[in-house]
Amino acid sequence: MATEITRLFKKNQAAILERWMQNQLADAGLREDLMSNEDLRIESEELIVSLIRALTEDNIDDVNSADFDHVAEILSGISISRARQGYSPRETCLYILSLKEALQQVLNEEIQDVQEQLIALLRVNKLFDNFSIVIFETFIKGREEVILRQTDEITEISTPVIQVWEGILALPIIGTLDSSRTQVIMENLLTAIVDSGSSVAILDISGVPTVDSLVAQHLLKTVSATRLMGAECVISGIRPEIAQTIVHLGIDLSGIVTKASLASALIYAFKTLKLEVRKQGSFKTT
Amino acid sequence: MDRIPILRMGQFLLVTIQVDLYDRLALDLEADLVKMVSKTGAKGILIDISAVSIVDSFMGRIIGNIGVMSKLLDAETVVVGMQPAVAITLVELGLPLKGVYTALNVERGMDLLKSKIQVIDDEEIDPDDDDSDDITE
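Chains as they are written, first to last, in UniProt numbering: chain V, 1 to 286; chain H, 1 to 137.
Please keep in mind that the hints were generated in silico from the structure rather than gathered at the bench.
Just so it is clear, CB atoms sit at the ideal spot from N, CA and C, and this is done for glycine as well.
A portion of the hints provided could be inaccurate.
As the list claims (entries may be wrong) - BS3-like, lysine-lysine: derived pairs with alpha carbons at most 25 angstroms apart:
id : chain 1 : residue 1 : chain 2 : residue 2
1  : V       : K221      : V       : K279
2  : V       : K274      : H       : K114
3  : V       : K126      : V       : K100
4  : V       : K10       : V       : K100
5  : H       : K114      : H       : K39
6  : H       : K98       : V       : K221
7  : H       : K39       : V       : K259
8  : V       : K11       : V       : K126
9  : V       : K126      : V       : K141
10 : V       : K10       : V       : K126
11 : H       : K98       : V       : K271
12 : V       : K259      : V       : K221
13 : V       : K259      : V       : K274
14 : H       : K114      : H       : K98
15 : H       : K35       : H       : K114
16 : H       : K39       : V       : K271
17 : H       : K39       : H       : K71
18 : H       : K116      : H       : K98
19 : V       : K271      : H       : K114
20 : V       : K274      : H       : K116
21 : H       : K98       : H       : K35
As the list claims (entries may be wrong) - Chain H side only, calculated, beta carbon under 8 angstroms to chain V, not exhaustive:
id : residue
22 : L25
23 : A87
24 : V91
Put together the whole structure using the sequences plus the hints.
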């Protein structure tokens, strides 16, 4: 009886695959839009082949056996790629659970004795619980990687330094300012000042939802650092609510040039650089 | 013993720091500069720190001190060419160098110094003009 489970699986390998595919295709949540049935079949077959090859009577009870490393590797690969493709956790989990179901059906049909059947089912169950954990873990890991990558991208994207004129840089800040973001913004701005040789930098905070004392401190730091580089920093885009908050919090911004809009900050920058913008032809009259 | 050379250029003194400042060197520079200002009657000091990549709070304070001291001796100080990392460090250390002017490079620093000297000269001339106006009235 002891050799029965592995032998049974080996004998019924093709049938198991068929059943499994049936189970998967019967599921209402099948994502044909994300993966074709052909690919799914190839993927499933690879897993069954490697599982049945790895499975022996000795290691079936030892879920941590090194024999299953290859199976776990395949499972992890499938799980991570599904996480990236946007499968839901339920769909990913059902993939392995439907294999378990197929195996149980085979055991159910092949083993007549109720007691033996129960024991065999329990052993398979335990093994597959472990595989489910592997799937779950790597799925979460895959999703976390996606989140991390997006966070990095957001920090990169959200701090563009724009050269609006020769010698004038603008930096529109969108979203909440925290320490790490201020650091990135400061570095980007200072490097841009050196690269472009600009002497005025406009920090537009119209996209910053709230300004508390910490955010104000970060802004002050950026302004000081810009001054140390030998450029002037103007803060623009201060909304009425933000002006109220700043005063209520008792934050002193008197040492900084502040403007209501980016346009007025630009006019100020032109003045500093002794530039003038006027309508065509208007200089004749003056 | 190393010393940082101080070059005289008309009304201005030029200091280019090409090595990383250590404490002794910075203190010597401070003393030399102040002596030089009083000896030559210089109106402006230009310190180029574009080659300095590391600063600590002591260096920051020395640079700030030079600014305040030369102000007492009627000379303006301009620090030019600060690297982004140095600027960030100084701000994080809470040393915004209030006493000194800053410029992006030597050329701009020179222009700034010249304009500062000019402003001061104009202010000194202005009262005379006012007086003469008063007389004509």
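Structure-based check of each hint:
1. The straight-line distance between the Cα atoms of K221/V and K279/V is roughly 38 angstroms, outside the 25 angstroms bound, and the hint therefore fails.
2. Between the alpha carbons of K274/V and K114/H the distance comes to roughly 17 angstroms, so the proposed pair stays at or under 25 angstroms and holds.
3. About 10 angstroms separates the Cα atoms of K126/V and K100/V, which keeps this hinted pair within 25 angstroms; it holds.
4. Of the supplied pair hints, the one linking K10/V and K100/V holds, its CA atoms being roughly 15 angstroms apart against a limit of 25 angstroms.
5. For a cut-off of 25 angstroms, the pair hint linking K114/H to K39/H stands: about 20 angstroms separates their Cα positions.
6. Of the pairs offered as hints, the one joining K98/H and K221/V holds, with about 13 angstroms between alpha carbons and a cut-off of 25 angstroms not exceeded.
7. For the suggested pair K39/H and K259/V, the alpha carbons sit about 45 angstroms apart, so the restraint of at most 25 angstroms is broken.
8. The straight-line distance between the Cα atoms of K11/V and K126/V is roughly 22 angstroms, inside the 25 angstroms bound, and the hint therefore holds.
9. Proposed proximity of K126/V and K141/V is supported: the alpha carbons are some 23 angstroms apart, at most 25 angstroms.
10. The suggested pairing of K10/V with K126/V holds, with an alpha-carbon distance near 19 angstroms, which does not exceed 25 angstroms.
11. With a C-alpha separation of about 24 angstroms, the suggested pair K98/H and K271/V falls inside the 25 angstroms cut-off, and the hint holds.
12. Among the hinted pairs, K259/V with K221/V is consistent with the structure: their alpha-carbon atoms are about 18 angstroms apart, no more than 25 angstroms.
13. A distance of roughly 18 angstroms separates the Cα atoms of K259/V and K274/V; the hinted pair therefore holds under the 25 angstroms criterion.
14. Of the pairs offered as hints, the one joining K114/H and K98/H holds, with about 20 angstroms between alpha carbons and a cut-off of 25 angstroms not exceeded.
15. At roughly 22 angstroms between alpha-carbon atoms, K35/H and K114/H fall within 25 angstroms of each other, so this suggested pair holds.
16. Taken as a hint, the K39/H and K271/V pair is broken in the structure, with Cα atoms around 39 angstroms apart against an allowance of 25 angstroms.
17. A distance of roughly 15 angstroms separates the Cα atoms of K39/H and K71/H; the hinted pair therefore holds under the 25 angstroms criterion.
18. Under the criterion of a C-alpha separation no larger than 25 angstroms, the hint pairing K116/H with K98/H is consistent with the structure, at around 16 angstroms.
19. Straight-line distance between C-alpha atoms of K271/V and K114/H comes to about 19 angstroms, which keeps the hinted pair within the 25 angstroms bound.
20. Between K274/V and K116/H the CA atoms are separated by roughly 16 angstroms; this keeps the pair inside 25 angstroms, and the hint holds.
21. Between the alpha carbons of K98/H and K35/H the distance comes to roughly 22 angstroms, so the proposed pair stays at or under 25 angstroms and holds.
22. At a threshold of 8 angstroms, the smallest CB-CB gap from L25/H to chain V is about 21 angstroms, leaving the interface hint violated.
23. A least Cβ separation of about 4 angstroms between A87/H and chain V falls short of the 8 angstroms threshold, and the interface hint therefore holds.
24. Because the smallest distance between the Cβ of V91/H and any Cβ of chain V comes to about 4 angstroms, under 8 angstroms, the interface hint for this residue holds.
Consistency note: the structure conflicts with the earlier hints numbered 1, 7, 16, 22.
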